[in-house]
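Novice: Chains as they are written, first to last, in the numbering used here: chain B, 1 to 291; chain S, 1 to 268.
Treat the hints with care, as some may be off.
What the hints assert, rightly or not - Take a look, some chain S residues computed to stay more than 10 Å from chain B by CB distance:
hint, residue
1, Phe49
2, Tyr55
3, Phe253
What the hints assert, rightly or not - Not everything, but these chain S residues come out facing chain B in the computed CB check (under 10 Å):
hint, residue
4, Asn4
5, Ala21
6, Pro22
7, Leu24
8, Ala83
9, Ala84
10, Arg95
11, Gly114
12, Val138
13, Leu167
14, Ile196
15, Met204
16, Ile224
17, Ser236
18, Ile248
Said to hold, decoys possible - Listed below are several chain B residues computed to face chain S (Cβ distance under 8 Å; list not exhaustive):
hint, residue
19, Leu16
20, Thr17
21, Phe24
22, Leu32
23, Phe106
24, Ala127
25, Ser227
26, Ala244
Simulated from the structure, these hints should not be mistaken for laboratory data.
We put the beta carbon where it would ideally sit given N, CA and C, even for glycine.
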Amino acid sequence: MSAAAEEPNTRAPWALTAPALMLFVGVLLIPLAMTVMLSFHDWGQYKGIEPVFILKNWHEIATDPYYAEMFWRTFRIAILTTLLTALLGAPEAYILNRMDGRWKSFFLLIILGPLLISVVARTLGWALLFGGNNGLVNKLLMSLGVIRSPIPFMFTETGMVVALAHVMMPFMVLSVWAALQRLNPQIENAAMSLGAGPVTIIRRIIMPQIMPGVLSGAIIVFSLSASAFATPAIIGGRRLKVAATLAYDEFLNTLNWPLGAAVATLLLVALVLIVVGSNALIERRYAEVFR
Amino acid sequence: MSRNGPLALIFHTIFVIVMVAPILVVCLVAFTPEGFLSLPTNGFSLRWFRAIANYPEFIHAFWVSLGLGALSSLVALLFAVPAALAIARYRFRGRDALAALFLSPLMIPHVVLGIAFLRFFTSAGLGGSFAALIIAHVIIVFPFALRLTLAAATGMDLSVEMAAVSLGANGWTLFRRVTLPLILPGVISGWALAFIQSFDDLTMTVFLAAPGTETLPVRMFLYIQDNIDPLVTSVSACVIAITMTALILLDRFYGLDRVLAGKGDTGR
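All chains should be modelled from the sequences, with the hints used to inform the complete structure.
Specialist: Structure representation (structure tokens):
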């Protein structure tokens with residue numbers, strides 16, 4: 001086996017990957033292509049889906065301001081969620097990294113663990129905490145004197161951003177954490193011995209080095225938030241639609257599959273462009289860090 | 001080693017409380033003795049856990065989720081292990097493209113996958129079937145199965161295999177007696193992580209499930225859409241307990257940071 005690894009053997013790797021490749025072509029690429037095609041089909045209340053090639057759905061999305069507003073809301077929520085996770089998650093990862101071994105792994109488990117706990121259960125928790133105008137969060141904020149009157153969280157974008165940021169936080173902490181592991185602690189000591197204060201060290205030494213971690217975490221958080229379904233559906237309710245919940249409605253309530261497929265295709269294309277584009281930018285900007 | 005200042009520790013405490021609060025509140029409300037949503041202020045009660053028994057939909061959905069997670073993770077591994085061995089050991093043309101394709105379900109929004117599979121399986125006459133759910137879940141858990149197997153296969157000492165070959169082992173025997181036992185920790189962790197991903201998926205499954213093939217997250221989601229009462233919190237508490245158990249086992253045997261970061265032998 002290992003001898004084969006050195007000499008160019010063209011058959012073995014293909015034989016080993018062939019089953020998985022066929023699976024992916026058969027039940028991933030073909031369904032995706034069918035969805036893109038579906039977005040060009042016609043649909044009517046009584047005639048159902050008609051397999052013709054028209055731009056009706058795309059024209060509707062491009063001209064009806066409802067869709068522009070919905071997509072803008074989707075990306076606005078995703079951007080705010082990303083900012084919130086970066087502002088809170090990056091310092092937390094730094095603090096975690098400075099802890100003693102046992103505490104470090106304990107809190108890492110506490111913070112990363114929720115990643116694997118059902119999103120429905122976590123969002124339900126926020127729905128309970130928000131719960132109307134006298135929810136626990138509002139009571140706490142008012143008794144602390146942070147706010148005077150209750151903030152509406154349920155069925156608002158504020159609530160969606162808070163709950164989404166909680167759901168996505170582990171990704172950001174994990175990503176910054178990974179960047180911190182590559183950092184040489186001696187550099188911090190060197191800066192200190194040269195007279196740098198804690199603020200200078202964080203601003204001039206730590207920040208530039210963990211920035212790639214923050215940015216790659218931001219890409220993950222952004223793309224997952226923009227396509228999130230459970231949290232916007234439960235916190236946002238039936239009126240405040242984002243791309244994923246709108247597509248769900250078109251498919252399972254209105255039954256206008258072609259329009260739903262067009263919304264989904266647009267979401268996929270927009271996300272792929274944003275993710276690939278920003279990845280390329282980050283790699284160019286921080287080429288020396290990745291080398 | 002530098003320590004955290006008091007400000008940093010206050011920030012850390014608030015951060016941890018906020019991270020834990022929603023999960024904790026679900027578990028607490030589940031023990032309420034009242035007939036409505038409230039924190040258990042006067043005594044704990046198991047009435048809402050007993051109430052689950054009166055809702056066969058939740059019990060059925062739980063078994064669907066369990067079977068679906070176990071089976072789809074197993075099938076994913078059957079495809080992922082050979083693929084991981086090929087990617088770990090050979091440098092061949094198209095290797096990077098193949099790896100990217102196999103990891104692509106991580107990049108594609110699950111809502112898009114749900115729509116694509118709904119369209120595909122409906123036209124194939126499999127709409128709403130358990131078979132369709134299995135195939136769809138195999139695709140979404142495949143990257144997790146592949147990544148952990150790949151990490152194990154990359155870190156493996158090839159000289160052990162060479163020794164086995166020199167002693168006359170070949171083909172299937174070599175795989176079964178030497179290679180598989182060596183990569184087994186990665187394979188099992190891959191299975192566990194894949195299981196959790198399948199067990200938790202809502203966004204894609206909600207498009208595919210029909211009455212009878214509803215998974216637990218789908219059943220919970222549809223229930224919450226209508227009304228939120230203590231019953232759904234006790235179901236959630238059970239789900240949280242199951243996931244926590246799996247999580248602690250994973251952390252013990254493999255290390256949670258390694259599982260989640262999908263890295264090879266970093267740390268520890």
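Novice: Against this structure, judge whether each hint is valid.
Specialist: Quick rundown of the hints versus the structure:
no. : hint   : in the structure
1   : Phe49  : 15 Å, holds
2   : Tyr55  : 16 Å, holds
3   : Phe253 : 14 Å, holds
4   : Asn4   : 5 Å, holds
5   : Ala21  : 6 Å, holds
6   : Pro22  : 3 Å, holds
7   : Leu24  : 8 Å, holds
8   : Ala83  : 4 Å, holds
9   : Ala84  : 9 Å, holds
10  : Arg95  : 7 Å, holds
11  : Gly114 : 8 Å, holds
12  : Val138 : 7 Å, holds
13  : Leu167 : 13 Å, violated
14  : Ile196 : 5 Å, holds
15  : Met204 : 9 Å, holds
16  : Ile224 : 6 Å, holds
17  : Ser236 : 4 Å, holds
18  : Ile248 : 8 Å, holds
19  : Leu16  : 4 Å, holds
20  : Thr17  : 5 Å, holds
21  : Phe24  : 6 Å, holds
22  : Leu32  : 5 Å, holds
23  : Phe106 : 10 Å, violated
24  : Ala127 : 6 Å, holds
25  : Ser227 : 3 Å, holds
26  : Ala244 : 4 Å, holds
Going through the hint list in order, the structure does not satisfy hints 13 and 23.
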